[in-house]
Structures are given as C-alpha cells and as structure tokens.
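From first to last, the protein sequence lines are chains A, B, C and D.
My numbering numbers the first residue of the first sequence as 127 and each following residue consecutively.
My numbering numbers the first residue of the second sequence as 127 and each following residue consecutively.
My numbering numbers the first residue of the third sequence as 127 and each following residue consecutively.
My numbering numbers the first residue of the fourth sequence as 127 and each following residue consecutively.
Hints in this document: simulated from the structure, not taken from any laboratory.
Certain hints may be false.
Since the list gives no way to pick out one identical chain from another, each pair is judged satisfied if it fits inside one copy or across any two copies.
What the hints assert, rightly or not - Pairs of lysine to any residue, SDA-like flavour, derived with a Cα cap of 20 Å:
(1) K395 to E368
(2) K282 to E183
(3) K276 to T349
(4) K282 to A299
(5) K282 to E352
(6) K395 to D311
(7) K129 to D201
(8) K170 to L505
(9) K276 to F409
(10) K129 to D154
(11) K313 to N303
(12) K282 to G353
Residue strings, one per chain:
There are 4 protein chains.
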Amino acid sequence: MNKLNWGMIGGGEGSQIGLAHRIGAGLDGKFQLAAGALDIVPEKSRAYGVQLGIDKERAYGNWKEMLAGELKRSDRVDLVTVATPNETHFEITKAFLENGFDVLCEKPMTMNPEEGKSIVEIAKKQNRICAVNYGYTGYPLVRHMRAAVKRGDLGKIRVVHAEFAGGFFADAADANNPRVRWRFDPKQAGVSAVTGDAGIHALHMACFVTAQEVSSLSADFATCVEGRTLEDDSLIAFRMTEGTVGRLWTSGLAIGRTHGLTIQVFGEKGGFRWQQEHPNQLFWTPLGHATQILERGGAGLSAEADRASRVTVGHAEGMPLAFANIYRDLGEVIQAKREGLKADPLAEEYPTAEDGFRSIAVIFAAVESAKHDSKWVELNFDE
Amino acid sequence: MNKLNWGMIGGGEGSQIGLAHRIGAGLDGKFQLAAGALDIVPEKSRAYGVQLGIDKERAYGNWKEMLAGELKRSDRVDLVTVATPNETHFEITKAFLENGFDVLCEKPMTMNPEEGKSIVEIAKKQNRICAVNYGYTGYPLVRHMRAAVKRGDLGKIRVVHAEFAGGFFADAADANNPRVRWRFDPKQAGVSAVTGDAGIHALHMACFVTAQEVSSLSADFATCVEGRTLEDDSLIAFRMTEGTVGRLWTSGLAIGRTHGLTIQVFGEKGGFRWQQEHPNQLFWTPLGHATQILERGGAGLSAEADRASRVTVGHAEGMPLAFANIYRDLGEVIQAKREGLKADPLAEEYPTAEDGFRSIAVIFAAVESAKHDSKWVELNFDE
Amino acid sequence: MNKLNWGMIGGGEGSQIGLAHRIGAGLDGKFQLAAGALDIVPEKSRAYGVQLGIDKERAYGNWKEMLAGELKRSDRVDLVTVATPNETHFEITKAFLENGFDVLCEKPMTMNPEEGKSIVEIAKKQNRICAVNYGYTGYPLVRHMRAAVKRGDLGKIRVVHAEFAGGFFADAADANNPRVRWRFDPKQAGVSAVTGDAGIHALHMACFVTAQEVSSLSADFATCVEGRTLEDDSLIAFRMTEGTVGRLWTSGLAIGRTHGLTIQVFGEKGGFRWQQEHPNQLFWTPLGHATQILERGGAGLSAEADRASRVTVGHAEGMPLAFANIYRDLGEVIQAKREGLKADPLAEEYPTAEDGFRSIAVIFAAVESAKHDSKWVELNFDE
Amino acid sequence: MNKLNWGMIGGGEGSQIGLAHRIGAGLDGKFQLAAGALDIVPEKSRAYGVQLGIDKERAYGNWKEMLAGELKRSDRVDLVTVATPNETHFEITKAFLENGFDVLCEKPMTMNPEEGKSIVEIAKKQNRICAVNYGYTGYPLVRHMRAAVKRGDLGKIRVVHAEFAGGFFADAADANNPRVRWRFDPKQAGVSAVTGDAGIHALHMACFVTAQEVSSLSADFATCVEGRTLEDDSLIAFRMTEGTVGRLWTSGLAIGRTHGLTIQVFGEKGGFRWQQEHPNQLFWTPLGHATQILERGGAGLSAEADRASRVTVGHAEGMPLAFANIYRDLGEVIQAKREGLKADPLAEEYPTAEDGFRSIAVIFAAVESAKHDSKWVELNFDE
C-alpha cells in the first residue's frame, strides 16, 4: 500500500482543528503529511511544517508558494485540506481545484452562495473531488440513521429536529476574547454568527440523515449579549424537498450544554434520537414499542455503520475517529480514481461542494427571513 | 383541623385526570370529596359519586343540579374542580364563580381569549379564587427554578427553551381512536390541536419560571398525518415582557419521547435544564463551572422547593404529588380566607385565571401567525 | 365502599416514614386513619392524633392504651401499622397479632431471627395478616421483574446483583447527630448497621424478584469512620435456593449516590437493570438484542405491573405510590376476608412475616460470616 | 522530530487489539511501524507486515526472527509491543528485555506471579522499560481521579468499588465459539477466566486511582454456564495498603451491560464515579454538595487530565485515544532516555511490570481464597 500524499493549509501550531485533521488523516495510515502551509506567518508556517516532519522544501510559507511548488512535482499531494480562516476558503479552494488538486475544505466552504455555486461548477468542470468537512457525518451511528431512513425503516419522514445549542458564547466577559470576538464581527464572520458557524452543522446533518434538501424556511434571529451585531441564538422552521417538516434551534447561550449538537428524526414507523456528546448510542423507537439503545459496534446495525466502526462494542469512538472516516472514504475514492477503478459506493458518503453550497444558501435565506418579519423564503437548488 | 369540602365536576369512572385530581386533593388530608357531578350520564354520575363515598344527596346527576344543591347548604363545597370536556369549562366555571364558589379549572380554562378575559373579570369582581390546573408547576424543582430566577441566581434571563414533544399522536392508525380523533376536530378542540393541548403547558411553564409574559410571537404549524385538519407539530419563536427570547417546540409525532415536557432557562450567570419525566433532578450550571445535579429534597434548595417537597431525598416524587401541591396551596389559601388570615405568600404560587387567559391568548396569536406567513403578532395584556 | 379503619403506632410529628405511611394508606381512599398512638410522649401522641383528625377517644397515649381501647370497640381498626423504633417492633406486633389484629410492621420486623420465627408462628396460629413494609416492592416495575422472571422471560436466573449504597453515613461530623448515631449503637441498631438497615431492602428485593431465598453466604463487614462499632460498608456473596448466584453491596459511605438501591437480574435469556431513584424505567436486554427501556404505564408490561400503575405513561410515579400499592393490596385482602371472598391473587404480593423473618436471619448469618474470616454460612428455612 | 521505530509482535490481520495498538501508536506521529512479527503463521506474518507498510526485510515470520534481525540493526526498534496469546507473553517479553529492548506487553503480563516477579527483576537489572497495557488508565478522567486522590481532594479513601461486568460470555450457545472457548480452558486461560481477563483491569484501576496495592482479599468464584471449568462471575472483597476497603465484581453474564468497566472512589471528603462506556464524564460529589459532572477538556481539571486530553470539550475522546496516551508517554520517556534528559514526571504514569506482577498475584490469591471457603489471603509485595 502506497500512502497518499496529503497537504494541509492552515491548522498551525495550537490549532485544535489542525490537530483533529492530522489525527483523522493519519489514523488509518492512508495519508502521509507531505506538504503544508500551516500558518499565516511564513516563518512559522515553514518551521511548524518541519516540526511536523514535512520535508523542508515542502514546508511552504504560504498557500500560493505551496500551489506553485506542488504543481512542479510529480509526487504532488493527492489531497489538500483547507483549514484557514473562513473568508479565505473560497479563494484557496478555487485555486487548487482549478489546478487539478482534490480538496477537502473546512466549513463553511464559502462566505456566500454565489461563491459556493462557483466552487460546485469548478469542481464539476475539473472533475475533481471537493469535499466539505461536515465531520460529524463521519460518526457510525449518524451513517446508520441515514441508511435506515434510506431503506425505509422509519417510513415517510415527518419531522426532523436539529439543535446545536451550547454555552460557548455565553460569557459577556468574552467581548474582547479573540476566539469569540471575530464570530460576531460581520467582516470576518459574514452574515451570521452562531447559525452560520454551529447551526450549519445541525442543518447539514438534517439533510444528510433524511437525504433531502431544505426547500423553504422561516427564521428568527436574536442577539442577547450586548455589543454584538450578529445573532447569538436563532430558531428556524423549515420544509424539505420530500415534505419533511424541519426545526432547528441554534444557540451560543445555552450554559450547561457542553457541545449541544443533537438530531431527532421522526417517521411514520419510528423515531431516532442521537447526540454528538454520546455518539456511540442511538435511541431507536419503533412505533408502538419500547425505545432501544443501539450501540456502535453492536449487532444488527447497517453495513454503513459497521464500515465506519473500528473498535469493539462498549469502547467509545470519539470525534477524531469520525473525522478519520471522512479521510478514509476520501482515500479510498482517490486511490480508486488513481487506479481507474470504481470505489465502494459506501465510500462516497462524504459531504461535497454541493452540500457546502446548499448549506450556505440556507443560511443566507435564514438571514433574509429574519430581517423580514420571519417571512417564508423559498430555496430552489434545481434551477 | 376541619377538612375542606371538595366538589368535582367531570373526572368520572376510568378518567385518568379524575384519578389524578382525587389523589392530589386527598393526599394531605386537607380536602374531603363531599359532592360531585362526575359523569355526563346522570345515572352514572350519581352512581360513581356514591361509589367514591359521596353522600347520596350530594352525588349529583349534572353540574346544574350540583350548583343548585350546594347553594342550599351551609356546608357547601369549599372548592369546585372542573374537569369536564374543554368546551364546557367556561360555562361551568363562570356559573360557580358567579355563585360565590372557589374554582380550580382544568386547562385550557376557556376555548378563546374573550371567554378567558371574562373569567378573569368575574373572579375579580366576585373576589373568588379561580385557579387553573397547570399542574406541572407543582413540582418542587419547577418552583425552585422560578425562585432562583426571581432571586437573581441566573442574572438577566436571555433565552427560555420549552418543549412538549411526544409520540402521542404518531400512530396514523389512531384516526378513529376517540382519544385521538377529538383532538384534531376543530369543533371539540378549537383552533389548535397539539399546541393548545400540550404546548400550552410548556408555554405556561416558560412564563411561570421566568415570571414574564409572552409579548410577541411568530409560529409555524404543520400537519403531517393525513386526514387531520389541525396541527400535529408546531414551532413558535417568541419574546417576553422583560426581553427574554423564547423557543417552543410542540409535537405529537415524536416517537420515542414518552412525555416530552422539558424546559431550559439560560441567563447571564447560569442555566437550568429540567424534564418532566425525571422531575426529581434539576441540572444547574453556573457560568464557567461544571454542571450540578440538584436533587429534590437535597440540601441548599430554595424555601419554595422545600415547601413543595414531601419525602426524603433519593425517593422520587411523581406527578400526583405535584398536583397535590396545587391542592395544598389552594387549601391553605382557602382556610386562611375562612379564618380572615393572610396565607403564606408561598402558597399563592398556583396558576390563576390570569394564566389561563394569557395562555389561550397566546395560542390564538400563534394560530394567527401561522396562518399569515409566520408574521410576528403582538400581545398586550396591560391594556 | 366502606372505608377500612386504620391505626398507626409511631410515625409522630416530623416523622418522614409516618408521613409516607399516611400518604400511602390514604391514597386510594380504602383506609381512614381511625386510631393512633403516634408518639413516645403520651401528650404529644394524643395531641398529634387529634391534629390528624382522629377522634379524641382513639388518639391514644401509647400502644398499650390503644390495644386495650380498640379491643373494646366493634369498629376496631382493620389494620395496625407499626412504625416505632426497631427494638419495639416485636413486642407490639406480637401483642396486636395475638389479640386478633392484622398488622403491617416496618422493617426490620424483629431484632433477631428467633423473634422473627415467633412472629411467623403467631400470625399463622392466629390466622392474621402480618405484612412487613419492604415498600420498594410496591413499585410497578419491580413487580414486573418478578412477574417476568416467574413466567420465564429470562430463563434460569444465573446472577442477581443488588446494591444499597448511598452517602447517608459518610459525614464523620455526624457522630453526634441522633439520626445517625443510633444506627451504629448496637443497643439500638442490633448486630448490624447499614446491612441490617439498608442492605436488607436490597437483599429482600433480590429474593422478591427471583422468588428464591438465600441458602448460603459469605460476608465482609468494614467500619471506615472512626468511632463506630458497627459496619458502614459490607459485601456479601450468596447462593439462592434455585442456584442463583448473588452479590450484595451495601454502603453508607458512597458519597454522590443519593439513595443507591439498585437491582440487576441476569438469566440465560436476558437481563434486567432497575434503580430506585428512577423507578419508572426498567432496562431490559434480551440475549443478543439491543437494550430496551421499558416505561411504567407503557404497552406490553405484565398484568402485575399494570395493576400497580396509576397515572399515564411519562408521568413519574414515586415512592409514596409504591407504598400505596402495599396498602391497596392489604386493603383488598382484608376486605375479601371480611366478606368471606377470595382476594385477587395479584393482591397477595405484599411482603409477609416470612420475608421479615428470613431477611433478619440472613443478616445474622452475614454477621457470623464476617466475624469468622468470611466463611460460608448456610441457611435452611425448611426445617 | 525523528520518529521512534516501533515493532509489534502479534496483532495480525483482523485482530481488534492489533488495530487499537496501531491507532494508538500512530496517533501522535511519535512512532512509525518499522518491524513486526504479526501472525503465528510465518507467511501471513510477513505478508501482513508488508501490507502495513513495513519494509520487507523487517516483516518477520516470527518473534525469534525479529529479535535476531533487529539486534543486527543500528536503527533497531525503540519499542516492542507484545500482543500475542497470553501464554507467550512471558517468554517473548523476557527475551526482548534481556536483549536490551524496551517493551510494552499486553495484559496479563504473565500467566503466574513467579514469572511476573521475574520480569520485574529482569527489567530492573537491564534498566529497560517494561510497560503493561492497562490501557484504560490512559483516559484523561481516570488520570484526573488519580491526581485528585493524590492531592487530597477526597481526604482519606475509605472505599473503592470496581466492576467489570458485561454480557460477553452470557450466550451458552457460544460453547464452541473459539473467541469464547479458550477463555474457559485452563490450558490457555490459566487459573481464572473472567477475573483474570476482565476483572484484572478493574482491579488495576482501583490500585491506579488510589495509588495503593491490594494487601488481602476474600473471593467467591461462580460458574453458571454448564460445561465451563473456570469462573464466569466473581466477587472479591479486599483491603488495600493504606487501609482502603475494596469491592470488585466481575461478570461475563451481565446481559445488557455493553462493556461494564466502572469505578467508584469514596473518601472522607467526596466521591467519584466513572464508567468506561462514557469516558468523557466524571461524576464528582464533594461531601454535602450536589454532584458535579466534570467534562474532559473542561475548565478546572488537573494538569494530569489536561495533558492526556486532545480535542475540545464536548467532543468525545474514545478508547483509541486512551491507548494513544500510553504510547505518547512511552514515546516521551524513551526519547528523553535517548537524549539523556529527564522526562516530564507526568509521562511516567503508564502501568509497569510491577503492576503486571501485582495484578496477577492478586488473581492467584483470589483463586486460592475461592477454593478455600472464601478465606482471607494476604499479599505482601514488600518482602
């Protein structure tokens, strides 16, 4: 097995998301970190790359250097991860796609739907992979929900209820904390704070699990902490393309909820309940029967769940392994492509540029609705 | 201690709510069931009354007989509970109040706000107690939340999130089940099904805990099971009189959630999380600290919680004891009145006609919003 | 329905257990408190009786007065509850049984097995009911476990694991707290502290659920808090009459466990897990399948569970309603006896003098084992 | 950073524990898999090594080849992991230690205490690291418990209660399942089945967390499934070197418990409760206060916990990351040794040959006690 060459942009020293990507990419031994432009400061970027074991000549000072450098190489990176500040995702992703690289971009893929649509088109035209890191979809039991919905265990899906509500922005004293401040600065965060940053995960998961898109919505945005110009709590009612009714609550003020991503799916024949904080259990209730606790790695799960599962039942698998599932799928698909083979269809479950584009379009629609008396706004991704 | 005489209208044989009221009223030995008109069928009404130990002459055939009969007695009932079908609450409650009785009415107190306002005014004019049975407010830890908010433990309340989402109306095969059918028949259920029936409890609890009223709202109603004309799922965004942001999700389709009443309260300095299915634990998180599990009956709770608590910590107290707290408070207030004394202010926490009126006004506003593109509707209870 | 006359000995003002008995006995309207000797101080005893609504002439100063007074009456009490300090249970229970009264005695029924055996024989000879208040067996889901074991859902029972471990005696500063001190004083507490007081409940529940008796045991007693002469933590390995392996851990030092009574039952075909702190849920795992959460009041439970259940599913029923089930059963059996009828066999599930005797015999055997290098001690209840 | 060379013996294709080791060793990029003898069948061993990316010449056919081969190299492996069948651990570990390699051996380190003691002495004499993979001690919150006990948060530790009870050996139909059969075959499993295999983890954790050793014990072993000669359930009472009272329940029959490793620690001033299935939460109750839920990655934990923590709070870290912590510590200590430096003392927390020896000695003592009427057996590790 030859390892695939992996390159990373952003995710420098001390970056949590950078660490999560490195663990995820490295976990199965499919990828080796071969190149990087890891920090906004060129010297730091190069030094940290070397520190991580990248060859000196591929420890670049910035992404443009990296693009130029890699283009010259025959062993150029097989996958580029873009984990830079949000407002730079579009430009970098676009540049790498146009130059023939496969890309995994952090969410949000772009700052607006126009750029999003543009990425979708470029990836298509270039015939490149552009994945978007809605990493929570890598959890085995999230994939199980999707599979069970798809095969009809729940019948028609009536209601999906998603939440991403935690206390991460609850401390008013954080006004000058840089980790918090930029989220509420429209120049850096764009049109939305918690909805575009956290809620977007829950929203995407609602789409992922139901295999539907949002078709219309009504939103209420609220700003509770003084001095903020973007929302720190929002509520969105929506409808989906197959008629499912959606509810999404996002909050950064929910003190006591550690993370807060949860999803509930209710069909004619049963209901699911799952929360990211305890990802190895899925509550499944068939209509008229007692609730069952499905355990990751346990008997009777779908092939989709088992495929994404690594260690024996009863041993928690956490977020780094969910990320690793995204990378493993990408690795399989890229290798198959290299060898001219068809990848296992189950490897094609990773979120794509389409997902990235649609998610940001929904956020924009929500902003519009919230500005106009919560009026219903339609979305049409088929035109 | 002389027991108070208690009369009941509705709550006949096999009625769950009737049983809950009898347990609640009887639990502390403050009330004795002295009169009743328990069933819509006069013979059954009389027979069941006698079976429950009521004197034959006070086991009435219907509420009008009861009103006439009790008026003639010097030992007339001290409190009348109205637990009849919803559409009769107004007429019966009105008649007893106007004739000088104190009343505890099941929710919803009336079918519309006009009737609700009228009850408020009659009770005021007659100087009678008119309580409304939002019985879940009788739980010790719900009272603790209210007390803690009032004394400022949470600082300004930013967001209150309430849910009443269960699977009670999820089975499409229940279309002809009488227990379910009437809830979706506008003639019997009025303008709303799950929101007016279940959601109203969660909504009232949001008001009870924050000591605020709803000032405006935007609602989305959805009907997912074919053949229904009223909503079986709804989402309401609201604002409260002191600026708190509110979220309310109501559903009868949430298979796997046994009951589904939960409330979360988030202030500047901390957050609460409570669910009716496990009413003896309250999750309390002070900003920046670990979540604490407060146990009913445990050390360090408020006087309001301790007063409503009966057995030692670690022993669950359930819904019948919450109901009993409403009755105990009413008993204390009625006895104090009889004796010309002032009742303990903590006994005055039971929900009143004002609460009944405001709740139904909010439901009507939600219906209006849902009919008009989820536009925001204002409520003003001060005019 | 004529109410049965109920008399109570002990359970005076401020007594938690007295309150629990009054709620339990009164809940279904089967019993009225007709006589009492409620306090050790005669004046207090009479005054509190009157305060609770007992006729002055039946508000006795002590139990001997009560026995004499009731014997003279044709409407003498139908059931006497004995809730006095432990060391007086035997004498009082004996006296009332011998004079033809039916008795419900608090646990432990006696201070030693000899007295226990004697009570069994007296009750038999007199043909009177002698029930013992292992009140936790009144929970619907505990009765469900027993019923499910009996009907073979679990196959042969291999292991039963019981615990009663809480932090109730963890505070060394409680050395002079009278609520705690007497538990460790052999004169008042007898041969054992936590095992005889708390563990005995868990032990009885193991017997109740499996319908077996303890046949042999090995015990380890430990005393961790300085100044105590009796154990504050113990571990018992045992075997049961049908071959089940038993484990019992009792502790008063387990800080953070609010109550701590739990039971787990493992058979060839499935396992149960239940805890008193959340009595409305029972975890049931059929071999090879996912764990199910059985809800009190939910579909598919046994007749035994449904019979003991009062309010609709999703509404907690707590400890007072478990006590009420014991009283309701006793009421049914006593009424049937009065009327010369056979009671519903399901009403005969309350714990009896046999249970009281066997439990205390097991405690004595444990003390013996603990004193002798944890050697195995046999019990034989058939001789 | 130069990667350390890592070699693995055992853990061939399809081995769960092999996968867990590879993930754990690889996670931080400290080790690279440089050599291996992965399967008992030489051809498979070599082929699988190559498949995992090992150079052909270091993909050995068996451990003896590997020892000989590596001895000849200047870049010989820095750490050898032994994950072969239990009865071979001693011979292999001994051979590598004697030839100057550092070793991480799977548990149980040896089949009896004599061999265990011998390994301790060899490692000491050779001045080599011999670690034993009690991998669950790598969890951040387990390390926090140890640190909190050490710094006195709980005062004197009174009771430690450990369990490893799951349903893994509950299916009687597994009699011929090779995964199960060998555990009950004394030739392969040694003197004990579930106690030596599973209970030993819980026992070691009790020692790890309290920083004490077992000083005496009384054990009961039971065999419930027909046809087995070793125990499938056991109960052990023990005492520890600083006077702590211990309780250990081990079972393979506990249907419905997915994994079942839990630990509770009770001191004078507070109590801990932790379970392996939800490793990111630790329940901490200070005496007289509400229970707190400590979250991995949250504020206020010990340096020991934070050091072992990787991703942000609210994101589960699972078992592979606990293993990775053992490897990271070993990596740091080995690197420090190479460079003649002192490693961070916090890196020295991994379990050692001493732990492996003492654990197996305790198991042997338990077997002896169980055979002799549960008599108390003393252990003395100081002689």
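Handout entry: 20 Å Cα threshold - placement of E368 relative to K395
Key = So K395 and E368 pass the 20 Å test inside one copy only (16 Å; across, 42 Å).
Handout entry: 20 Å Cα threshold - placement of E183 relative to K282
Key = For K282 and E183, the Cα distance exceeds 20 Å both inside one copy (55 Å) and across copies (56 Å).
Practice task
Up to 20 Å between alpha-carbons, please classify K313 paired with N303: within, between, both or neither.
Solution key: within (17 Å within a copy, 56 Å between copies)
Handout entry: Same-copy or cross-copy closeness of K395 to D311 [CA-CA at most 20 Å]
Key = Neither, since 44 Å and 24 Å both go past 20 Å.
Exercise for the section: Could you place K282 and G353 in one of the four classes (within, between, both, neither) given a Cα distance threshold of 20 Å? Expected result: between (44 Å within a copy, 16 Å between copies)
Exercise for the section: At 20 Å max between alpha carbons, let me know whether K282 reaches E352 within a copy, between copies, both or neither. Expected result: For K282 and E352, the Cα distance is within 20 Å only across copies (12 Å; inside one copy 43 Å).
Handout entry: Up to 20 Å CA-CA - F409 versus K276, copy category
Key = within (17 Å within a copy, 29 Å between copies)
Practice task
Evaluate K276 and T349 at a C-alpha cut-off of 20 Å and name the case that applies: within, between, both or neither.
Solution key: For K276 and T349, neither the intra-copy (38 Å) nor the inter-copy (23 Å) Cα distance is at most 20 Å.
Exercise for the section: With 20 Å as the alpha-carbon cut-off, assign the pair K170 and L505 to within, between, both or neither. Expected result: Answer is neither; intra-copy 43 Å and inter-copy 56 Å both fail.
Practice task
If the cutoff is 20 Å on CA atoms, where do K129 and D154 land: within, between, both or neither? Let me know, please.
Solution key: both (10 Å within a copy, 17 Å between copies)
Practice task
Please work out whether the CA atoms of K129 and D201 approach to 20 Å or closer within one copy, between two copies, in both situations, or in neither?
Solution key: Close inside one copy (11 Å), not across copies (22 Å); limit 20 Å.
Handout entry: Alpha-carbon proximity between K282 and A299, which holds within one copy, between copies, both or neither at 20 Å
Key = between (46 Å within a copy, 15 Å between copies)
Figure legend: structure checked against the earlier numbered hints; hints not met, in rising order: 2, 3, 6 and 8.
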